[in-house]
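**Q** Chain residues, written in single-letter form:
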Amino acid sequence: MFFHIVLERNMQLHPRHFGPNLRDKLVAKLMKDVEGTCSGRHGFVVAITGVDSIGKGLIRDGTGFVTFPVKYQCVVFRPFKGEILEAVVTMVNKMGFFAEAGPVQIFVSNHLIPDDMEFQSGDMPNYTTSDGSVKIQKDSEVRLKIIGTRVDATEIFCIGTIKDDFLGVINDPGASA
Amino acid sequence: MSVEPFNRLVKLAARAFYDDIAMKGDNQPKTGRSDNRGMAVVVLDALTRRQWVREEDLAKDLKLHSKQLRRTLRFFEEEKLITRDHRKETAKGAKVYSAAIAATSDGQPVGREGEEKIKLHTHSYCCLDYAQIYDVVRYRLHRMKKKLKDELDNRNTVQEYICPDCGRRYNALDALRLISPDDEFFHCEKCNSELVAESDKLAAEEMGDGDDNARRRRREKLKDMLQKMEVQLKPLMEQLSRVKDLSVPEFGGLQAWEARASAAARANGDSAANDLSKASQGQGYGGTPMPFLGETRVEVALSGVEVKEEDSKADAGANSMKVLPPWMIKQGMNLTKEQRGEVKQESKIDSGLSAPMSDDKKSKVNEKEDEKQIQDEYVKAYYAAILRRQQEQEEAAKRQQKELENKISALNDVIDTPNDRQVGIKSKRDVYEREDGVEWEEAPTAGNTSETYKLNDLNVEAEASGDDEDEIDWEEG
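Protein chains in written order, with the numbering used here: chain F, 1 to 177; chain C, 178 to 654.
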């Protein structure tokens with residue numbers, strides 16, 4: 001799920017950036033530092049949408065670096081248990097398949113794949129129904145439900161299922177090609 | 178607050194969950210005799226008729242070895258069914274206790290007294306924790322159902338993987354770390370061998386890997402299991418719902434309970450109860466300076482039939498203790514083995530009565546030895562036999578009475594809830610047949626009585642073992 005929230009961060013700025021556009025430099029550095037990171041608490045930071053306030057800088061002893069407390073708005077993405085996501089399959093193997101929904105990786109184990117789909121090995125390993133009408137392989141798009149998340153301080157990993165109504169392949173690049 | 182519904186709950190739970198749990202002996206060989214499955218049920222049943230009880234006393238009442246009982250109780254403590262309290266009795270308390278012992282079993286060697294003083298320093302007490310039992314049983318049922326249901330529709334189950342080499346377990350959440358760059362399988366982080374998916378724990382036995390048919394079969398099996406569980410545990414669930422709105426009997430901690438008990442005893446106006454130590458000494462073999470022994474009596478009046486029954490049983494135990502010593506001591510003079518003595522004696526007399534020929538023969542053979550001694554022995558044995566016979570008759574009468582009582586109570590139970598009882602029995606039998614048919618064959622009588630058969634069983638077994646010894650002795654002599 002996506003959230004638009006306000007976060008705070010202490011930015012350290014090198015003295016060489018001190019000058020007329022110190023503020024721009026600060027925001028650029030903030031974006032570079034923060035976007036794409038993941039915190040267990042808030043999820044993945046997708047984009048910074050604005051900077052609310054920049055507090056008074058404090059010059060550190062010895063280094064000359066200045067610390068600014070910055071408040072900024074950002075969009076975060078955090079997967080939840082029970083959430084339905086659309087994801088792209090990145091890898092298929094005997095154990096199941098891996099998929100990516102934006103920054104988050106999802107593993108669907110083979111017992112959470114419908115019983116009528118069977119694993120076919122080969123150079124394009126895939127899961128196929130017995131009549132061959134539905135195929136899950138690399139780059140397939142699937143709709144899945146998250147049934148478990150592992151949230152570490154800097155990492156979020158999910159496991160999902162496609163064994164439910166309205167879940168499964170939503171478009172098959174192999175069929176159109 | 179009524180204890181009865183909760184006791185019923187405990188009994189049902191005991192039969193449902195702890196019926197075939199064997200306490201593992203450390204170094205005992207696994208023979209038919211040391212097979213103590215069902216002991217857990219007996220112990221729990223006994224506890225429903227008591228409040229706080231000293232574990233040694235309980236062991237004595239149940240005729241179990243205290244070590245065995247302690248093992249069982251520790252198990253129940255881990256299962257959160259009972260609370261235990263250990264406390265060091267003061268040296269004075271131990272002295273009074275050993276004095277009481279000496280008084281009841283007159284003529285104990287002094288050395289043993291001292292030994293006991295050391296041994297009995299720490300006493301353990303145990304008591305059912307009804308509130309917790311209610312929660313534990315509910316939670317257990319909930320977990321069972323959830324597990325089955327989850328596996329049934331394969332929902333919310335996190336696949337587990339296990340390393341065949343080092344036995345390390347992973348689950349699907351570790352998947353990202355486990356994929357190896359070389360091939361498409363999961364590899365153990367430690368020994369780099371290929372992981373295998375742990376197939377579903379309950380119903381995976383005969384299924385081939387990922388076979389379509391097998392999955393369907395497994396599904397059916399799970400569904401079957403779930404249904405069976407619903408049916409078999411129905412009495413338990415009904416009892417749970419019956420108990421739900423009742424206030425839970427609460428005995429408090431050992432100290433609090435004791436204080437309350439002594440207060441009650443004092444309020445009772447019992448002249449002996451005023452002086453606690455005196456009162457407890459009057460109690461006989463259980464006579465530590467524990468006020469709660471008096472209290473048991475008070476509770477008896479409150480909580481009806483079952484407790485009373487137990488009390489009488491305890492009295493019987495005391496009686497037999499008192500009767501035994503005189504001729505046990507005599508026995509000790511003749512034969513050095515104290516415990517076997519009684520049994521041997523009986524067997525001798527029996528054979529003497531039934532087949533005097535053999536005895537005569539024997540006496541002829543032994544004529545050169547002191548005849549008088551033999552005669553003496555004979556007379557003594559004869560007296561002992563008479564005593565024994567009387568005792569047996571008494572016991573038989575008592576047993577009959579008890580059986581009658583048991584039957585009545587069982588009948589009451591049946592009347593109480595005829596339907597679910599029937600169902601419960603049936604289902605239980607089902608379980609037995611599937612899991613341990615052997616035990617069934619050993620004790621075929623156990624099926625017909627409902628609540629009390631375990632107790633009866635215990636008696637039967639004890640006697641049988643006595644007979645065993647009997648025969649062996651006879652052959653030796």
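By construction, these hints were calculated from the structure, which means they are not laboratory data.
Heads up, the beta-carbon is just placed ideally off N, CA and C, and yes, glycines get one too.
Hints should not be assumed to be uniformly reliable.
[As the list claims (entries may be wrong)] So the derived list for chain F, only partly shown, Cβ under 7 Å to chain C, looks like this:
| id | residue |
| --- | --- |
| 1 | 64 |
| 2 | 65 |
| 3 | 67 |
| 4 | 90 |
| 5 | 107 |
| 6 | 109 |
| 7 | 146 |
| 8 | 150 |
| 9 | 154 |
| 10 | 156 |
[To be verified] With a cut-off of at most 27 Å between alpha-carbon atoms, the simulated DSS-like pairs for lysine-lysine come out as follows:
| id | chain 1 | residue 1 | chain 2 | residue 2 |
| --- | --- | --- | --- | --- |
| 11 | C | 323 | C | 244 |
| 12 | C | 324 | F | 94 |
| 13 | C | 400 | F | 145 |
| 14 | C | 411 | F | 145 |
[To be verified] Partial chain F-side listing against chain C, Cβ under 8 Å, derived:
| id | residue |
| --- | --- |
| 15 | 95 |
| 16 | 102 |
| 17 | 105 |
| 18 | 111 |
| 19 | 125 |
| 20 | 126 |
| 21 | 151 |
| 22 | 157 |
**Q** Would you mind marking each hint as holding or not holding in the structure?
**A** Hint by hint, here is what the structure shows:
Interface hint status for residue 64 of chain F: violated, as the beta-carbon distance to the closest one in chain C is roughly 41 Å, over 7 Å. This hint is violated: residue 65 of chain F has a C-beta 36 Å from the nearest C-beta of chain C, more than the 7 Å allowed. Hint on residue 67 of chain F is violated. Least Cβ distance to chain C is approximately 35 Å, over the 7 Å limit. The interface hint given for residue 90 of chain F is broken, as the beta carbon of that residue sits about 11 Å from the closest beta carbon of chain C, more than 7 Å.
Hint status for residue 107 of chain F relative to chain C: holds, with the closest Cβ pair at about 4 Å, below 7 Å. Evaluation of the residue 109 of chain F hint against chain C yields a held restraint, the C-beta minimum of about 4 Å falling below 7 Å. Look at residue 146 of chain F: its Cβ only gets to about 11 Å from chain C, farther than 7 Å, so that hint breaks. For residue 150 of chain F, the suggested interface contact is upheld, since its CB lies about 4 Å from the closest CB of chain C, less than 7 Å.
Taking 7 Å as the C-beta cut-off, the interface hint given for residue 154 of chain F is violated, the closest approach to chain C being about 14 Å. Taking 7 Å as the C-beta contact cut-off toward chain C, the hint placing residue 156 of chain F at the interface is violated, the least distance being around 11 Å. Of the supplied pair hints, the one linking residue 323 of chain C and residue 244 of chain C is violated, its CA atoms being roughly 37 Å apart against a limit of 27 Å. A hinted pair counts as satisfied when its Cα atoms are at most 27 Å apart, and residue 324 of chain C with residue 94 of chain F qualifies at roughly 25 Å.
Between the alpha carbons of residue 400 of chain C and residue 145 of chain F the distance comes to roughly 25 Å, so the proposed pair stays at or under 27 Å and holds. For a cut-off of 27 Å, the pair hint linking residue 411 of chain C to residue 145 of chain F is broken: about 35 Å separates their Cα positions. Interface hint at residue 95 of chain F: satisfied, since its Cβ lies 6 Å from the closest Cβ of chain C, which is below the 8 Å cut-off. The interface hint given for residue 102 of chain F is broken, as the beta carbon of that residue sits about 16 Å from the closest beta carbon of chain C, more than 8 Å.
Below 8 Å, beta-carbon pairs count as interface contacts, and residue 105 of chain F has one with chain C at about 6 Å; its hint therefore holds. Proximity of residue 111 of chain F to chain C holds as hinted, the smallest CB-CB distance being about 6 Å (cut-off 8 Å). Hint on residue 125 of chain F holds. Least Cβ distance to chain C is approximately 7 Å, under the 8 Å limit. A least Cβ separation of about 12 Å between residue 126 of chain F and chain C goes past the 8 Å threshold, and the interface hint is therefore violated.
A distance limit of 8 Å between C-beta atoms decides the matter here; for residue 151 of chain F the minimum to chain C is near 10 Å, and the interface restraint is violated. Among the interface hints, the one on residue 157 of chain F holds; its C-beta lies about 5 Å from the nearest C-beta in chain C, closer than the 8 Å criterion.
Violated hints, listed in ascending order, are 1, 2, 3, 4, 7, 9, 10, 11, 14, 16, 20 and 21; each of the other numbered hints is respected by the structure.
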